[in-house]
Amino acid sequence: MHIRSLSLRQFRTYARLEMDFPPAPILLLGANAQGKTSLLEALAYLALGSSPLTHIDRQLLHWQAVASGMPFAQVKAVVVKKERTETLEIVLQLSQTTNGSPPRLFKRIRVNDRTVKRSELAGHLNVVLFLPEDVTLVGGPPADRRRHLDNLLSQVYPEYIEAQNSYTQTLSRCNALLRYLRDEGGDPAQLAPLEQVLAETGVTVSLYRRRVLAALSLHADQFYQKLTGGQAWLQLQYEPNFDPLAPPALDYQLGLLPQESPLPPVDVETLQEIFRTTLVKHRRRAIQRGVTGIGPQRDEMRFFSQEVDLGIFGSRGQQRSAVLALRLAELQWLQEETGETPVLLLDEVLAELDRDRRNYLLRLLDGVEQTILTTTDMEMFPAFFREKVLTFRVAGGIIRAVSSMSAPGD
Amino acid sequence: MKNVAIPPAVTRLIETFSELPGIGPKTASRLTFYHLRGKSELALSLAKELQNLVEKTRFCSICYNVTEEDPCPICSDESRDKKVLCVVAEPLDLLALERTEQYTGSYHVLHGALAPLEGIFAEDLRIKELEARLRKGGVEEVILATNPTSEGDYTAAYLLTRLKPLGVRITRLGRGLPMGGDLEYADAVTLTRALEARQEL
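Chains as they are written, first to last, in our numbering: chain A, -19 to 390; chain B, 31 to 231.
Please keep in mind that the hints were generated in silico from the structure rather than gathered at the bench. Don't take every hint at face value.
No farther apart than 30 angstroms at their CA atoms in a straight line, the calculated lysine-lysine pairs in the DSBU-like style are these [claimed, not checked]:
1. B:158 to A:261
2. A:87 to B:56
3. B:112 to A:261
4. B:158 to B:112
These figures come from a predicted structure and were not determined experimentally.
So here's chain B without its partners, still in its complex pose:
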């Protein structure tokens, strides 16, 4: 899209914005013109924050969570239980678990779930690193906390084949009815799993 009426600085930013996930040419133009007319402080601080994101953050060399210091605060926290390891697909899943304030163990972030159709295979995930961690010893239980989707289940099933030979206890997050849900409207699969995982009172 060459247009002499608009300076290259503008068109270049539009093109860059539209490379972001979930943003198409229309939204990209709107964002660009917003910054053009809006306060320059916002645009500059955005630029600075993006720069910080790239320059200052990295992956923790132990759990591969996103961090500014290596090892990350969770891995270097003496009070966290290093014998229990929770395996999650994404850093956002880790955040969700942290919000519960119930989990006191440590983590391992895979950075994705197996999705052959999207071109994500075992070699793209941090599985080798997880194996190496377990081989070092000290971990007694691995909790597989992948999503209850077919991709998450696939990832968990594959991890099981990789981790089982290492002789640690492997568990998976419970699954069943959501809070505030309605039995009447629960689907058959969810109900079946809830029945399977019923608990003694």
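Just chain A, same shape as in the assembly:
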């Protein structure tokens, strides 16, 4: 798939932007703080329904939009796919309330001019976004890796978004109830219906994560071996905080689920029941702590190479290679899962890679329908790449074509 055109209004640094894209590698050239990253962010926003850079939608509004009394932002793109062409749009509207309470932000998502729920945005546009700060993903906090995995799954499966939302919402309810039971007392049976929902949705979240990581691990290993000249392998390991496939010390479950094979045939209802009974078993401790201690909110995902956890012992170079391998694995996984090549968004990442890895990555782009790169420095790119890329200059939220293969796409 590729983006044919993008329209931005009052989004980040862009007061207004109308831009056409060719299905080719596109290079956005410009100094820092001119709007290069915001443009990639806008495209990722349409793919995910939320920004990969902030979880506060209000920050996406152009500062003048808030000051001017026309507080809204719009991101709209036309996506060309094999079978059809689609229009995706997200509108943010800050509405003043009459009763003095702080203004509320309304968010409307439209697919082909029809308003849809956020979960229905899944599958319409797929992107793989690579940001410079991603090199810390391997050694950074586990929450970053979880969010990352969630973002990937949210691009493909509406049911994952629904399960994830319901799980998160129920979890905060459950925690509020646990604190109340700890501080005020009350009937612990109030937990039961919430535990039921946590079990149903938590198992879905966990199974999807397991499935995608198994596939990503295989792909990432291949790319990592190529990046290291066949010298090292890479494994992505899913470490669920609560693993229904390997239930801890529930005697009556022993023998029920084979622990050896990586993907045993799963009976979802059995897994849910195991998760639920485990939650019930841990009730007393949960009430003491005032928080639910088990579940996918505490899942971990680790990068191993030659039996070594790269998150703890990996060098900066190894961590960079691992993240690059992960991004390429995502590209391949999305392609296999959807039958379309996702749009590849590379923000300043070349500066993070040495020459060999840089060239390896740039040569791979031939297999991608559309890549959008940003850079401050044209010299970063080898001659073979500069010949086939279409360059735009970005300055102060305005974009102009510099060179072109055919006619300028303005």
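Position chain B against the provided structure of chain A, taking the given hints into account.
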């Protein structure tokens, strides 16, 4: 907000108005000045009605609906079926059911739905009173008529655990497609439930 240009009687009323749900300082000022300039009869009758509301109404000691006389007209109505009990979250839900003129049983008002994030727990609802009513006997069916929201469903699921040991028949309002709705635009959850609850013709 101290302002000597405006008498305390005015500022106090503004402050009181803004304590009401859905009313902020702006609306509160507008309401206050409306009464200041408007007809004094309206302001006085409003004051009187508010006083009546507080002094004359109370909760029915049987169903906990809002009433002026205890027991309430529905509970004391001989023609209402006392064997069927409809459990609702709010008095307004009861009103909606009464408007159908189809329901002839009696009610029980919980005064809320379970909402841990808003600080509403089982102990805040009239659940003990409901249990006591059922223990007294005479009720054969309890209809759970909570909202089809996650909070309403949560409340219904919890009520089920509390009421099941009492041995009465427990049912829930049917759910599915709204009148005048459009199949094409119905969401997946609603459609699934409508399919589950399909009926023989």
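Evaluated hints:
no.	hint	verdict
1	B:158 to A:261	holds (26 angstroms)
2	A:87 to B:56	holds (26 angstroms)
3	B:112 to A:261	violated (40 angstroms)
4	B:158 to B:112	holds (19 angstroms)
Of the numbered hints listed earlier, the single one contradicted by the structure is hint 3.
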